[in-house]
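Visitor: Listed below, chain by chain, are the residues.
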Amino acid sequence: MDLTRFQAMSQAVIDGDREAAAALAREALSRGFDAQAAVENGFIPGLQKVGSLWESGEYFLPELLAAAEAMKAAMAVLRPALEAGREAALSLGKVVLGTIEGDIHDIGKNLVGALLSANGFEVVDLGADVKIDRFISAAEETGASIIGLSALLTTTMLGQKRLVEELHSRGIRGKFKVLVGGAPVTQKWADDIGADGYGENALAAVRAAKALTGRE
Amino acid sequence: MTAAVRPKVELLSPGLIDRILQEAWLILEREGVLFENAEARALFRDAGASVDEAGQRVRIGRRLVEACLSRTPESVTLYDRTGEESFRVGGDDVHFDPGSAGTRVVDHRTGRERPPVSEDLVTLARLADALPNFHFQSTGLVASDVPPVLGDSWRVYLALLYSAKPIVTGTFRVEGFGPMRDMLAAARGGPEELRRKPLAIFDACPSPPLKWSHLTSQSLIDSARAGIPSELISMGMTGASSPATIAGTLVQHVVENLAGLVLCQLAAPGAPVIFGGSPSSFDMRKGTTPMGAIETMMIDMAYAQIGKALHLPTHAYMALSDAKTPDAQAGYESGIGAVLAALAGINVVSGPGMLNYESAVSFEKLVIDDEICGMSYRLLEGITPREDPLAEHLFREFKPETQFLTLPHTRKWYRIEHRQSPLPDRDTYDAWVAAGAKDLPERASERVREILEGTPARRPEAGLADELRRIIVDDARRSGVASLPL
Chain A
1 MDLTRFQAMS QAVIDGDREA AAALAREALS RGFDAQAAVE NGFIPGLQKV
51 GSLWESGEYF LPELLAAAEA MKAAMAVLRP ALEAGREAAL SLGKVVLGTI
101 EGDIHDIGKN LVGALLSANG FEVVDLGADV KIDRFISAAE ETGASIIGLS
151 ALLTTTMLGQ KRLVEELHSR GIRGKFKVLV GGAPVTQKWA DDIGADGYGE
201 NALAAVRAAK ALTGRE
Chain X
217 MTAAVRPKVE LLSPGLIDRI LQEAWLILER EGVLFENAEA RALFRDAGAS
267 VDEAGQRVRI GRRLVEACLS RTPESVTLYD RTGEESFRVG GDDVHFDPGS
317 AGTRVVDHRT GRERPPVSED LVTLARLADA LPNFHFQSTG LVASDVPPVL
367 GDSWRVYLAL LYSAKPIVTG TFRVEGFGPM RDMLAAARGG PEELRRKPLA
417 IFDACPSPPL KWSHLTSQSL IDSARAGIPS ELISMGMTGA SSPATIAGTL
467 VQHVVENLAG LVLCQLAAPG APVIFGGSPS SFDMRKGTTP MGAIETMMID
517 MAYAQIGKAL HLPTHAYMAL SDAKTPDAQA GYESGIGAVL AALAGINVVS
567 GPGMLNYESA VSFEKLVIDD EICGMSYRLL EGITPREDPL AEHLFREFKP
617 ETQFLTLPHT RKWYRIEHRQ SPLPDRDTYD AWVAAGAKDL PERASERVRE
667 ILEGTPARRP EAGLADELRR IIVDDARRSG VASLPL
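Residue numbers (this note's numbering), protein chains in the order written: chain A, 1 to 216; chain X, 217 to 702.
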């Protein structure tokens, strides 16, 4: 694969162009190019560039999310072609994410999900109004390492505590890291309920998730 | 003598209002709105709307919406707890009330937020009662020392106990409604009296885009049937949960609010409904919802103008700020918001006292905002030609040494024309230094103390207080709450 093709892949992510990213990924496979090289030399550098455009204040959330979507579209094409071991190495881990039962606020949760995927996590988004039991079964089924719970209301915030208690009572607390966030949630609350991490905002949630997986 | 011209600002041309409404009719009819609540869907079905039960989607034709609009009162009159003082919510009348509901209170001593306790709710009610420019109080804080299961009724209980002003409130739980209604009815002397003389407004927020949750639909139904005014609080966030453009967000706002209005009218024809909102310009860097952004205020002013065009009472969350302490940002955002809300003629303006995206309340800011609201009311009074001639007679036999300070004309008019404002600093520099060089939050905190120490709460008479106590204790028992903090 030549340099211009890698650059085109990067550019597709930088432009947040889902169609172009998927098309370039398909083209690479159909021509028998190495999927691994496409990811590492093509798409990931694009994501890194997006990160620096964000840091420098040029990119805002819409560009960031569009880039995450483009990355996801490319990965969906390339993932089956990646060697199993290599795929795992590219992923920072699986996160089961949702807004707690009784709470329909999902903007914050969606931002966290998009930024986690953009940063290399595999996100299983359960949506809003999710029962405690569903978080746990989804985490067990998918082999996730992190359960992320969002809550905007002081009433539903208590669900975060209940989840931690439920993990304890089932004797599987050690299997998952619990990441909490949402408007009424504070570091103190996270500490009080024995959560493993707290994200004050979406970017902080990504930092916390990276810290939990030891990939900072 | 002629009356003053009432200052007014409108952002939308009639043509643009019409375009927004045309698109709203289309969306209501074609895409419809999601209603999670089965009773709500049944009401729509019975009224002939197209209901997709599996998808929970309700498509509402323009004719039904217009029929419901024609049944909705143009104005609502709220009465205070005594039933004596009344406030018309309609026309271009403006009423400010503290914003709600904060889950934090900003502690003046530390300058940091902390969880509110019941004593803070009492303080808020007492300040709202004493500060003259708030026509209503609000259940503006969530007490952390009672379990959430009792939160709704506990907030109304303390509001009724420590202030006589009408209450802006709402439910966080479906079960919260019953005891809240019972307390309001008790204060009024019965459910029919409450219907005749509403004492509270219940806020209900759709979930953008185009959805009414189970809880909020139920609040609309329950309030409509009890004759309690519902405030429809559509809250799109531009580019996140509603279109990025202001005009686009207005289309969604109208769709969501009208769907809620139709539900109210189907639950109880003639139910009082207020066309409100809490939209925001979404911050694309921080992912936050700045209430103090000028675009947020523009959306507020514009949907209120549309509400007026539909002959509805209006509401907005304005006169609040995203600052974390009562600082300069808090001042300018709240000041600009209050003045614009007043100039837009928005009937209920909720926001004073609030910081940090509607999440925190500062008592000092509440005092400062009361002053801002007072200025706004004064602005609305406009300039009245008080005498005829206006001034020419004062200059007859004019001498260079004429002193206006000593003229009877001055004593006659200066108090009427000019507000007396003790809060802002109007000292000379030396006098300010001599008085301790205090900044505004410091002076506001002294005012908070003065009110709490010097102005007794307007408590209900003993019989009502006992009845309210009985209702809250019953609710606590039913909810499994063993003890109450107050």
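Everything labelled a hint here was simulated from the structure, so no lab data went into it.
Hints may be right or wrong, so weigh each one.
As the list claims (entries may be wrong) - Pairwise CB distance ranges (calculated):
1) Arg162(A) <-> Leu285(X): 54 to 60 angstroms
2) Pro80(A) <-> Gly231(X): 53 to 59 angstroms
3) Arg328(X) <-> Gly57(A): 26 to 32 angstroms
Said to hold, decoys possible - To give an idea of the interface, some chain A residues facing chain X are shown, with a C-beta separation under 8 angstroms as derived from the structure:
4) Phe60
5) Ala183
6) Gln187
7) Ile193
As the list claims (entries may be wrong) - Non-contacting residues of chain A with respect to chain X, defined by C-beta distances greater than 10 angstroms in every case (computed):
8) Glu69
9) His105
10) Asn201
11) Ala202
Beta carbons: idealized from backbone N, C-alpha and C, even for Gly.
Visitor: Which earlier hints can't be squared with this structure?
Guide: 1, 6, 7, 9, 10, 11
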